[in-house]
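Fit chain B to the known structure of chain A by using the hints.
Sequence order for the protein chains is A and B. The numbering used here applies: residue 8 is where the first sequence begins, and numbers increase by one. The numbering used here applies: residue 12 is where the second sequence begins, and numbers increase by one.
Honestly, the hints are just simulated from the structure, not real lab data. Hints are not guaranteed to be accurate.
[As the list claims (entries may be wrong)] The list that follows gives simulated cross-link-like pairs (lysine-lysine, DSBU-like), each with its CA atoms no further than 30 Å apart:
id	chain 1	residue 1	chain 2	residue 2
1	A	K105	A	K117
2	A	K44	B	K68
3	B	K68	A	K75
4	B	K80	A	K12
5	B	K68	A	K12
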Amino acid sequence: DQQVKQNSPSLSVQEGRISILNCDYTNSMFDYFLWYKKYPAEGPTFLISISSIKDKNEDGRFTVFLNKSAKHLSLHIVPSQPGDSAVYFCAAQRDAGKSTFGDGTTLTVKP
Amino acid sequence: EAQVTQNPRYLITVTGKKLTVTCSQNMNHEYMSWYRQDPGLGLRQIYYSMNVEVTDKGDVPEGYKVSRKEKRNFPLILESPSPNQTSLYFCASKTLQGTQYFGPGTRLTVL
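Chain A with its partners taken away, still in its complex shape:
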């Protein structure tokens, strides 16, 4: 039973346009959600997070939206840049403990 799903294995976007990465979860007990970014040959790095008491969190070009009723979150990158090309992992956790990750979405931003 996969509790966190990223249904799009890959996404290709033109530079300057918006990238939207999606993530669905099944466990309503999750109370904290995070996005990580991973370049080849490196470990994932934290990008942005959101608590379940909020529906939006913004940090520069990155915005995460949370729809609790739909158990869905999304990451918006505006404008997209070639350096954003990476694998993006969605993660969910409860009670500040164990994290559950999605399978990742490979984003390619074309110049």
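Just chain B now, kept in the frame of chain A:
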């Protein structure tokens, strides 16, 4: 510099030969964890530790052992490695609030 270190970065071994992958963090984090990343399967948690002498199974613990005798170290032990444990392994640590810091990864090949 705040970091998580792993050693070795690359390892090729044979079936049944015991090995240990070390992990160390310098951020005084309570929580540490091991993940494996396989193509199409994202990051799957092997074991985690909420504090010294406290460890628990993640999603894929079979064939692995861990120990947490000191706060900064969390080694991953494969007593009798098998080819299905060929993977990319990441150690991570975090504050209890949830943002994980990942190590650079260890690529293990079991022949």
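**OP:** Please work out if B/K68 and A/K12 have their alpha carbons no farther apart than 30 Å.
**Re:** Roughly 21 Å separates the two Cα atoms, so the pair holds.
Subject >> Given hint A/K117 paired with A/K105 - CA-CA distance at most 30 Å >> reply: violated (35 Å)
**OP:** For the pair supplied as a hint, B/K80 and A/K12, confirm whether the alpha-carbon distance does not exceed 30 Å.
**Re:** violated (34 Å)
Subject >> Restraint check for B/K68 with A/K75, where alpha carbons must lie at most 30 Å apart >> reply: Holds, at roughly 28 Å.
Original post:
Does B/K68 lie within 30 Å of A/K44 when you go C-alpha to C-alpha?
Top reply: Given that 30 Å is the threshold and the Cα spacing comes to 25 Å, the pair holds.
Hint check: violations occur at hints 1 and 4; the rest are consistent with the structure.
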